[in-house]
Amino acid sequence: MALNILIVDDSATVRAVISKALKLAGVEFKELYQAANGKEALEILGKDWIDLVFSDISMPVMDGEQLVETMKASGLIETVPVVMVSSAGSEPSVARLMANGVRDYIQKPFTPERIREVVDQIMGAVNHA
Amino acid sequence: MPKGVLDLQEVLQKSVLRVIEQLTFMFGDPVAKEELDIDGHKFVKAEMTFSGDQSGRICIAVPFEATTEIAANILGLEPEDHQSQEMTEDALGELLNVVCGHVVRDLSGAGANFTLHPPVTEELSATDMDSALLRDEYLGFELEDYPGLFGLMVED
Chain A
0 MALNILIVDD
10 SATVRAVISK
20 ALKLAGVEFK
30 ELYQAANGKE
40 ALEILGKDWI
50 DLVFSDISMP
60 VMDGEQLVET
70 MKASGLIETV
80 PVVMVSSAGS
90 EPSVARLMAN
100 GVRDYIQKPF
110 TPERIREVVD
120 QIMGAVNHA
Chain B
61 MPKGVLDLQE
71 VLQKSVLRVI
81 EQLTFMFGDP
91 VAKEELDIDG
101 HKFVKAEMTF
111 SGDQSGRICI
121 AVPFEATTEI
131 AANILGLEPE
141 DHQSQEMTED
151 ALGELLNVVC
161 GHVVRDLSGA
171 GANFTLHPPV
181 TEELSATDMD
191 SALLRDEYLG
201 FELEDYPGLF
211 GLMVED
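Protein chains in written order, with our numbering: chain A, 0 to 128; chain B, 61 to 216.
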């Protein structure tokens with residue numbers, strides 16, 4: 000199944016690296032959406048069908064924790080899996096995110112294989128649910 | 061040099077060099093600041109703060125040419141491929157962001173509560189560079205053949 004994937008990070012470099020890692024990992028996607036912060040991500044989520052979100056934690060305007068809290072409050076986190084990609088994963092912060100419905104956490108620097116593993120695990124579970 | 065500063069520099073050296081190698085495939089070595097050859101280079105500095113169980117500030121300064129190579133390596137491009145200055149500075153900021161996460165975890169322990177704040181990049185004047193060379197919280201290094209400085213300041 001080709002996926003619509005949303006990448007949320009204030010760094011254009013990281014968005015490009017995740018895009019490249021998805022391609023190198025052989026993840027089939029229909030469209031790659033990009034947002035520079037949680038607010039932009041919510042706008043995209045409100046307009047387009049997204050299958051999977053990769054999001055940074057520390058971002059200006061609206062950070063990853065606020066994005067996840069908003070998605071939880073609206074129930075969106077139940078239908079759109081979110082994976083955090085960050086170097087800033089303090090254990091209490093990651094625990095809060097997982098408690099709010101985040102499916103997985105990828106620590107930078109990461110490999111395409113790690114991206115593939117997470118996509119397979121999450122989308123496999125979604126497809127078999 | 062105060063002992064606290066020396067300990068922080070040891071953590072910084074290990075975390076910084078390991079992450080740079082993993083992220084950019086560029087190899088770095090610590091170098092005494094007085095041995096750095098900074099003449100003729102225009103430096104770019106990335107700086108960011110962190111807060112939580114431990115709070116402070118971390119920065120990296122490298123020549124502009126090094127940011128082009130760092131960005132190319134992170135993005136999997138050739139150094140001669142055109143990249144905007146905005147993109148190369150963004151890549152330097154991202155490198156520091158990843159370094160900072162590892163440094164803070166090394167300093168505070170795995171269970172620490174902390175937040176990293178987005179990096180800011182700017183050109184560094186020759187005067188600022190000379191001033192940084194004199195300060196204890198800055199550590200000299202060479203990244204391939206490029207001279208550079210790392211700074212780490214942790215609040216008590």
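Since the hints were made in silico from the structure, they are not lab data. Just so you know, not all the hints are guaranteed correct.
Unchecked claim - Which bits of chain B does chain A cover? Going by a derived footprint, with three or more residues having C-beta under 8 Å, they are:
hint, region
1, 87 to 97
2, 126 to 136
3, 144 to 151
Stated by the list, open to error - Short, incomplete list of chain B residues facing chain A, as computed with Cβ under 7 Å:
hint, residue
4, Gln82
5, Glu154
6, Asn157
7, Val158
8, Gly161
9, Val180
From the three backbone atoms N, C-alpha and C, an ideal C-beta is built for every residue, glycine too.
Have a go at the valine 180 of chain B hint: is there a Cβ in chain A nearer than 7 Å to its own Cβ? Hint on valine 180 of chain B: violated, closest Cβ of chain A at ~11 Å, above 7 Å.
Interface hint check: glutamate 154 of chain B, Cβ to nearest Cβ on chain A, cutoff 7 Å. Holds or violated? This hint holds: glutamate 154 of chain B lies near chain A, its Cβ roughly 5 Å from the closest one there, short of 7 Å.
Are there three or more residues in the region 144 to 151 of chain B whose C-beta lies within less than 8 Å of some C-beta in chain A? holds (count 4)
Does the interface hint hold: is glutamine 82 of chain B within less than 7 Å of chain A, judged Cβ to Cβ? holds (5 Å)
Coverage claim, chain A over the region 87 to 97 of chain B, checked by counting residues with Cβ within 8 Å (three needed): Three-residue rule not met by the region 87 to 97 of chain B, so violated; n is 0.
Holds or violated: is there a CB of chain A closer than 7 Å to the CB of asparagine 157 of chain B? OK, holds: asparagine 157 of chain B within 7 Å of chain A, min 6 Å.
Chain A contact restraint on glycine 161 of chain B - CB to CB distance below 7 Å: holds (3 Å)
Hinted contact valine 158 of chain B with chain A - closest CB pair below 7 Å: holds (4 Å)
Would you check chain A against the region 126 to 136 of chain B, counting CB to CB pairs closer than 8 Å, and say if three or more residues qualify? holds (count 4)
Against the hints set out earlier in the document, violations occur for numbers 1, 9.
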